[in-house]
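Enquirer: Sequence:
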Amino acid sequence: MPKLRRLTNEDRADLTAYLDGELGEDRTQQIDSLLAENDIARKEVARLEQTWNLLDTLPRTTASPEFTSRTVASIRVERKPPPAALVKAAEYGRRGLLTLVWIALISAGAAAGYLGGRELVPSRHDDLIQDFELIDRIDLYDDVGDLQFLQTLHDSGTLRNWNANNAASEDGSP
Numbered sequence: 019m020p021k022l023r024r025l026t027n028e029d030r031a032d033l034t035a036y037l038d039g040e041l042g043e044d045r046t047q048q049i050d051s052l053l054a055e056n057d058i059a060r061k062e063v064a065r066l067e068q069t070w071n072l073l074d075t076l077p078r079t080t081a082s083p084e085f086t087s088r089t090v091a092s093i094r095v096e097r098k099p100p101p102a103a104l105v106k107a108a109e110y111g112r113r114g115l116l117t118l119v120w121i122a123l124i125s126a127g128a129a130a131g132y133l134g135g136r137e138l139v140p141s142r143h144d145d146l147i148q149d150f151e152l153i154d155r156i157d158l159y160d161d162v163g164d165l166q167f168l169q170t171l172h173d174s175g176t177l178r179n180w181n182a183n184n185a186a187s188e189d190g191s192p
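Quick note: to get the working numbering, add 18 to the position in the sequence shown (first position is 1).
Please keep in mind that the hints were generated in silico from the structure rather than gathered at the bench.
There's no promise every hint is true.
Unchecked claim - If you anchor each label on the Cβ, the simulated ranges turn out as follows:
#, residue 1, residue 2, range
1, Ala64, Asn27, 11 to 21 Å
2, Tyr110, Ser141, 41 to 51 Å
3, Asp57, Ser82, 38 to 48 Å
4, Asp157, Ala122, 43 to 53 Å
5, Ile153, Arg113, 31 to 41 Å
6, Glu137, Asp161, 30 to 40 Å
Here a beta-carbon is modelled for each residue, glycine too, at the ideal position from N, C-alpha and C.
Take the sequences, apply the hints, and build the full model.
Expert: Quick look at the structure:
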């Protein structure tokens with residue numbers, strides 16, 4: 019009596035492929051020899067043939083167009099995670115952008131503080147700039163001496179004539 023050997027999952031899959039005619043020539047010969055020697059394999063092939071014959075007796079149905087559209091709509095596409103290098107590059111990019119934003123905000127704040135402080139806090143030189151014409155002619159005023167001398171010149175009309183002549187010479191007229 020021949021020794022009975024259990025069928026493996028691979029043998030069962032090959033028996034199905036054997037019945038469908040999907041095996042190569044070498045594997046088909048191996049299955050033929052297995053069927054000749056092994057009663058369990060022959061019973062398995064008979065059971066598979068009987069199952070297919072029963073399936074052939076069932077009525078054929080067709081799927082509705084709605085079934086197809088619902089099935090396709092329900093399939094979720096499996097997303098692959100992005101490569102680690104891309105994730106790391108994106109993280110560095112975000113950090114760099116965040117750093118640039120902080121630098122820009124700090125620079126804008128510093129510039130606003132500097133300009134605001136310059137305008138709001140008076141400088142000791144502001145008075146000198148406003149009195150520049152007076153300071154520019156200080157040598158002329160040193161010779162005057164006191165206010166009474168200027169009053170005398172004004173009353174005599176000398177100062178008016180001098181101002182008119184001086185203004186004309188500054189305009190470029192003779």
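Enquirer: Run every hint past the structure and note whether it holds.
Expert: These are the hints, each one checked on the structure:
Look at Ala64 against Asn27: about 19 Å separates their beta carbons, and that is inside 11 to 21 Å. Between Tyr110 and Ser141 the beta carbon distance is about 46 Å. The supplied range of 41 to 51 Å therefore holds. One distance hint, 38 to 48 Å for the beta-carbon pair Asp57 and Ser82, holds here, with the actual separation near 46 Å. A hinted range of 43 to 53 Å holds for the C-beta pair Asp157 and Ala122, which are about 51 Å apart.
At roughly 56 Å, the beta-carbon separation of Ile153 and Arg113 lies outside the given 31 to 41 Å, and the hint is violated. Remark: the range hint 30 to 40 Å for Glu137 to Asp161 is upheld by a beta-carbon distance near 39 Å.
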